[in-house]
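S.K.: Chain residues, written in single-letter form:
2 protein chains.
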Amino acid sequence: MKPFVLIALVAVNLSAYSQESEITERIIALEKAALERWMNGDVYGYLELYAEDVTYFDPMLEKRLDGLKQLTALYEPWQGKIKASGYEMIAPEVQISEKTAVLTFNLKSVVGDKSYEWNCTEVYRKEKGGEWKIIHSHWSCTKPDLK
Amino acid sequence: MKPFVLIALVAVNLSAYSQESEITERIIALEKAALERWMNGDVYGYLELYAEDVTYFDPMLEKRLDGLKQLTALYEPWQGKIKASGYEMIAPEVQISEKTAVLTFNLKSVVGDKSYEWNCTEVYRKEKGGEWKIIHSHWSCTKPDLK
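These protein sequence lines map, in sequence, to chains A and B.
FYI, the numbering for the first sequence is 0 to 146, going by numbering that gives the first Met the number 0.
FYI, the numbering for the second sequence is 0 to 146, going by numbering that gives the first Met the number 0.
Same shape as in the complex, but just chain A (with noise of 0.2 angstroms):
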């Protein structure tokens, strides 16, 4: 192989890898943002960033929540009454293809004397105008200690 036509592959190879760190970093950040409003009280962090047509799991469900609009009526009653005294965002890790982006996490967070551990998954899909919005969100309860 030509030296030219290999530098320019690993030229191609770097970019594609850059693009993908700074995807990660972007998509970790948004969730970091809307973590630390809803750790504070504020829910439309996370209201927000979900789309029109997010689909939404999470352990106090009967079943799985479907649209923007259900989700906004489970969320909005919890306005102003979280407040944590400390969390931790564990091992994020992002899968990227294309213009999906999901994002996996484990978390620990401490709510008044409680503590609780949660496994987290987060679809996000990249939107015509370019913002990254989450499609499907699962949380649910690490290992829960079952009656």
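You may find that some hints are simply not true.
Just so you know, same-sequence chains aren't split out, so a pair can sit in one copy or run between any two.
Said to hold, decoys possible - For lysine to any residue, the following SDA-like pairs were computed, each having C-alpha atoms within a straight-line distance of at most 25 angstroms: (1) 107 <-> 85; (2) 125 <-> 74; (3) 146 <-> 84; (4) 142 <-> 72; (5) 142 <-> 25; (6) 31 <-> 19; (7) 98 <-> 125; (8) 80 <-> 17; (9) 146 <-> 60.
Hint data in this document are derived by calculation from the structure and do not stem from the laboratory.
Take the given structure of chain A and dock chain B to it, following the hints.
M.R.: Frame of chain A; chain B shown alone:
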């Protein structure tokens, strides 16, 4: 707008719609086939569907599992040991963006004298050869009865 432009636009929309339905049906069929094998003790239905870079949550784990090798080690000891007497996939929904399809559903299953309710997320990615593979899976208990 001239009639032939309108007809062309309607045709393009119908074609996109029909492609989406086709992908939706394909994804649900893949999941149902793997689920049917799982419920009859065969863990390889899912193992054959997972991509090498799959990430995975379930309620028995202390944290996310990463990669097919870890998931194979988790599943193989279960080979031949599960026999459900009944199960039902409830309200499957597929959100498609280019080469990614996010399948979500609730599941009820009966194994022995116990019944289980699940929330499930499966993120499928269309691979270069045209096959759909699961790159992320999140299983959790629906409204777990916590201690």
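S.K.: Could you place residue 142 and residue 72 in one of the four classes (within, between, both, neither) given a Cα distance threshold of 25 angstroms?
M.R.: between (28 angstroms within a copy, 19 angstroms between copies)
S.K.: From the Cα coordinates, with 25 angstroms as the cut-off, is the pair residue 146 and residue 60 best called within, between, both, or neither?
M.R.: Classified as both: same-chain Cα gap 18 angstroms, cross-chain 17 angstroms, threshold 25 angstroms.
S.K.: Should residue 125 paired with residue 74 be assigned to within, between, both, or neither, using CA atoms and 25 angstroms as the limit?
M.R.: For residue 125 and residue 74, the Cα distance is within 25 angstroms only inside one copy (24 angstroms; across copies 34 angstroms).
S.K.: Within a copy, between copies, both or neither: where do residue 107 and residue 85 come within 25 angstroms Cα-Cα?
M.R.: within (8 angstroms within a copy, 36 angstroms between copies)
S.K.: Please sort residue 98 with residue 125 into within, between, both or neither, judging by C-alpha distance up to 25 angstroms.
M.R.: both (5 angstroms within a copy, 13 angstroms between copies)
S.K.: If the cut is 25 angstroms between Cα atoms, do residue 31 and residue 19 qualify within a copy, between copies, both or neither?
M.R.: So residue 31 and residue 19 pass the 25 angstroms test inside one copy only (18 angstroms; across, 33 angstroms).
S.K.: State whether the alpha carbon distance between residue 142 and residue 25 is at most 25 angstroms within one copy, between copies, both, or neither.
M.R.: neither (29 angstroms within a copy, 32 angstroms between copies)
S.K.: Please work out whether the CA atoms of residue 146 and residue 84 approach to 25 angstroms or closer within one copy, between two copies, in both situations, or in neither?
M.R.: Classified as between; 23 angstroms across copies, 28 angstroms inside a copy.
S.K.: With 25 angstroms as the alpha-carbon cut-off, assign the pair residue 80 and residue 17 to within, between, both or neither.
M.R.: neither (40 angstroms within a copy, 45 angstroms between copies)
Comparing the model with each earlier hint shows violations of hints 5, 8; every other hint is respected.
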